[in-house]
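Asker: The primary structure of each chain is shown beneath.
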Amino acid sequence: MKNAIVDIKDVNKIYGTNHVVKDLNLQVEEGEFLTLLGSSGCGKTTTLRMIAGFEEPTTGSIKVEGEPIEDKEPYERNVNTVFQSYALFPHMTIFDNVAYGLRMKKVPKKEIKERVLEMLEMVQLAGFEKRYPSQLSGGQKQRVAIARALINRPKVLLLDEPLGALDLKLRKQMQLELKRLQKKLNITFIYVTHDQEEALTMSDRIAIMHDGVMDQIGSPTEIYERPATKFVATFIGETNVFDGTIRSIENGRAVVSIENGEITSSGSVEEGVEKNTGFAVNEFVTVSVRPEKMHFSPEPVDGFNVPAMVKDYIYVGSVIKCIAVLPNGNEIKMEKLAGEELPAIGEKIFICWVPEDAVLIHSLDNRFYQSMENIKLA
Amino acid sequence: MISMTKKRFREKTLPAAIMVGPVTLWLILLVAVPLIYILVMSFCSIDEFYNVTFHFTVDNYKHLADASYIKIYVQSLVIALLTTVICILVAYPFTYIIARTKSRFKSLLYMLVIIPFWTNSLIRIYGWKSFLGTSGWLNSVLMKLHIISQPLDLLFKQGTTVFGMVYCLFPFMVLPLYTAIGKLDSTLLEASSDLGAKGWKTFLTVVLPLTASGIFSGCIMVFIPCLGYFFVSNILGGGNSDVIGNLIERQFKSGNNWPLGAALSIILIVITLVLVKLYQKTGGDMDSLGV
Amino acid sequence: MGRKARLRTKSVFGKILCGIVYIVLFLPIAVVVVNSFNATTSKPYLTWKGFTFDWYFKLFDNTSLLTAFGNTMIIALVTTILATIIGTLGAIGMYKYKFKGKSVIDGLLYIPVVIPEIVMGISLLTVFAKVSIPRGMLTLIIAHVTFCVPYVIFNVRARLSGYDISIEEASMDLGANRFRTFWEVTLPVLKPGITAGALLAFTLSIDDVIISYFVNGNTMTYPLQVMASIKSGVAPDVNALSSLILVGTIIFVILTQGNLFKKKMS
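Protein chains in written order, with our numbering: chain E, 961 to 1338; chain S, 1330 to 1620; chain A, 15 to 280.
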C-alpha cells in the first residue's frame, strides 16, 4: 500500500440523536481518485466536510499527511473543496475568484496573475477573467470552482457532488475532464456522488456508504463483481438477489436453498482471497447474479430447480431485457442479445447460471445471529 | 475535550456573541426596559412637586375613564379609521396604476411618491397650513376669482386633521401595496378573464385576495401612527381634533403628570398589540412592516 | 359603450387620479419653495410681497437654525454609523447562529417599527430621566439608533434570504480566517442590503420629530426648530433651508442612481 494521505480512524459523527457516520475507518492513498458513493443521507457528505474542517468528528481522529487535523481550522488545512453549489463569490470576477486562495497566502501579485491565467487555460476558460459568475453557464461555473480549488495545489481535493447540477451530456464530458486533470496534476481526489455510473467511470477506488456505515471499499471491478453486502450488490448496477441458506458445500459448489427451490454457486469453506470463500453450511446468505449472467432452460439443470414464468420483454437497442416472475411473485431480470431465440411470454422456464458467475454474500441476518451467540457466550 | 470546547468557543460562541450581543443589549436596555418601566410608572403616583413616587396606585387608570378622555379616544379612533379608509381608497387605484404601468417612466413615477417625504414632514404640514389658511393661497385665489366673497374656514377642523394624516401616512400605504401589486402575475388576470370573469369580478376574486397582504400591512402602518401623531392635529386641527398622542404629549410636556401619561400610553400599547395580533392572525408577515 | 371606449375612459380616469395624487403630494412643497422667495418680513410671512433671493443669504446669519441643522446632520451621521454596524452584525448573527432567546430578540425588533413613536419617545425619556442621563446630543443619538436598528436589520435580512452560506465555507477553505472571510466575502455580498439600510436610517433620523421632541433636552434639531417656529409662522429662511435640502437630496439621488432608493423602500 502506498502512503495513506488521509487516514480516518474510528470516526463517528452524531447530531443529537442522529448517528450520521458510524465507526468509519478509511485510508486514502496518495494520488488516487477515491469516490464516496451512497444515496443521500448516507453520511458521505458529512465525511467530506469533516476532512475539510467544516464539521467536527464526535469521536475518532482524522490525519492528513500523518498529522492530526482536529485543531486545525479549515483555513489551516492543506485540502481544498469544490462545492456542490459551486459557492463562487458573486461579487468577484472570475479572475478574483480563482486568485482568492493565492491572495490569502500573500503570493506576489505577478505570480498570482501568471498562475490564474495558466489555471484558467487548463480548465478551458481563458478569456473569461473579467466576467462575473452570474454571466457564466453551469458548466463554466463548475470549471471556475475547480480552478479556484486546484490553483492552491492542495494535497487533497474534496469534491462534493460537483456535477450534480449539470445536464447529462455536460456531465459525461466533465467526468472525463476531471479525470484528466486529476491524472495530470497527480492530486488525491476524494469525490462524493450518489451516481454509481459516475463512480464506476472515474474512480480508482470506491467506498460505498450506507446509513453511516462504509459497506465496502475496492476498485470498481471488485465492487461490481464481488459485492460485500446485499446493499452494495443492489446499489451498483442491476442485479438479482436471492436470500437463502447454504445446504451443502462440496467440490467448490455451494447449493443454496431459497424459497422457490435450489440454486448453486461456486463456494468453499476455506477462507481465501477469491470470491465465494469462507462460507459455512447452514449459513444465511444472499446470492447475487447480474442480469447478463442469467440464463433459462426449459428443464431443470443440475443444481437448479427454480421455475419462473416469462412476463415481458423490453427492447433496449442491442439488448433485450427479459422479466420473469418467480412463484413467490418476485421479479427477476435477464439480459439477452437481440437475435437469440427466446421463449414466448407466459411460458414456464427454469432459471440457471454458471455457478462461478454467482456471488455469495454473508447475510446481515447471519451476522446478527453470530453476535447474539457471542453475547450468550460472554 | 478541552480543546474541543475551546474550539467551539472560537467557532461559534465568540462570533455569535460579537454579532448578536450589541443588538441584544441595545434592544433589551432601550426597548424592553423602557416599556416595562412605562408599565411600572403607570401604577405610580406623583408628589406635590410633580415628581414620580413609587407609591402603588390605580388612580391613573381610573382617570383614563374620564368622560373628556373617552371623547378623545373615540375621536382618535374615528380619525385613524377615516385616515386608513381614505388611504386605501386613494392609494389602491393609484398604486395599481403606477405598479402595473408599462411606461418607461415607471420608476420615476415611483420615486415621485417618495421624494416629497425627504422634505421634513413638519414643513410640509406647515405648507398645507399656509395653503389652506384664511389668508392662504387657496382662499386668495378663490377670492380673486370672485368665486367666494368670504375666506373659507378650512383649518382647525377634524377633516383637516384627517387630511393631514392621510397626507403624512400615504406612502406607508403605497409602499406595501406597490410590493404586493408588483408581485401579481399578470397571467393570472389573463386566466381569469379567459375563464369568463368580468373586470370587476377578476378584481374581487383574484386581484384583491392576492394583494390583501399589502392592504393589511398598509393598514397597520397607517392606523397605529395616526393615534400618536400629535403634531398633525396640533398644526392643522388647532386643538379641535386631538388624538391620544396629544393627551400623552400634554402629560409629559406641560401637565407634568408622567404616571398618567404612562397609563395613557398603555392604551396605545394595548391597541398596537391587539392590531398586530390580528394582523398576524390574517397571516401577515412582520417583516413586510419594516418597508 | 364599446370595449375600446370603455378602456379609454378607464385610462383617462386613472390619469386624472394619478395627476391629483401627485399634485397633492407636491403642493405643500411648492408652497415652501415659493415662500422661500417671498420678500415679506412680517409674521406670519404668508402675504406675497414680491420675489427675493434675500432669504437664501439671511439664512446664513440665523445661527440657531444653522446650529440645529448641524446637530441634525451630526446625529444622523453618528446614528447611521452605529445603527448600521449594530444592525448588520445582528442580522448576520441572527441568520447564522441559533441561540436561546432568539425569538425574544426577534419580537423586540418589531416593537420600534409598529409602536407609535410617541410611546417610544416617552418610554426613552422616562428611562433617561430615571438614570439621570442629561438629555441632549447623547440621548438623541441613543434614541435614533434605537428606532433605526430594526430597519437596518430588515434590509440586511432581505438580502440574506438569497445568501448561500457555502461561499463563507469556500472562503475559509481557500485560506481566509473568519475575520477575512467576513470582510472579503460576507460584507461585500450583503453590501446592497447594508447600504439600503444605512440610507433608510439616515433619512429616518433626519426626519424624526416625535421621538426627538421628548429626548432632546435643550439641544435643537432642525425638525424641532421648525416645530418651535410654527406657532408664530415659519420664517422664509426656514423655507429656504428646506428648499436647499430638497435640492440637495434630489441631486444626491440622481448621482447615486435611483435604484438604491427604490430597493430600500420596497
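Derived by calculation from the structure, the hints in this document are not laboratory data.
Errors might be hidden in some of the hints.
Claimed, not checked - Simulated pairs of lysine-lysine, BS3-like, Cα-Cα distance not exceeding 30 Å:
1. A/K24 to S/K1530
2. E/K1129 to E/K982
3. A/K110 to E/K982
4. A/K110 to S/K1606
5. S/K1527 to A/K18
Just so it is clear, the structure is predicted and the values come from calculations on it, not from any experiment.
Asker: Now, for every hint given, state plainly whether the structure supports it.
Answerer: Going through the hints against the structure:
| no. | hint | result |
| --- | --- | --- |
| 1 | A/K24 to S/K1530 | holds (16 Å) |
| 2 | E/K1129 to E/K982 | violated (36 Å) |
| 3 | A/K110 to E/K982 | holds (28 Å) |
| 4 | A/K110 to S/K1606 | holds (28 Å) |
| 5 | S/K1527 to A/K18 | holds (15 Å) |
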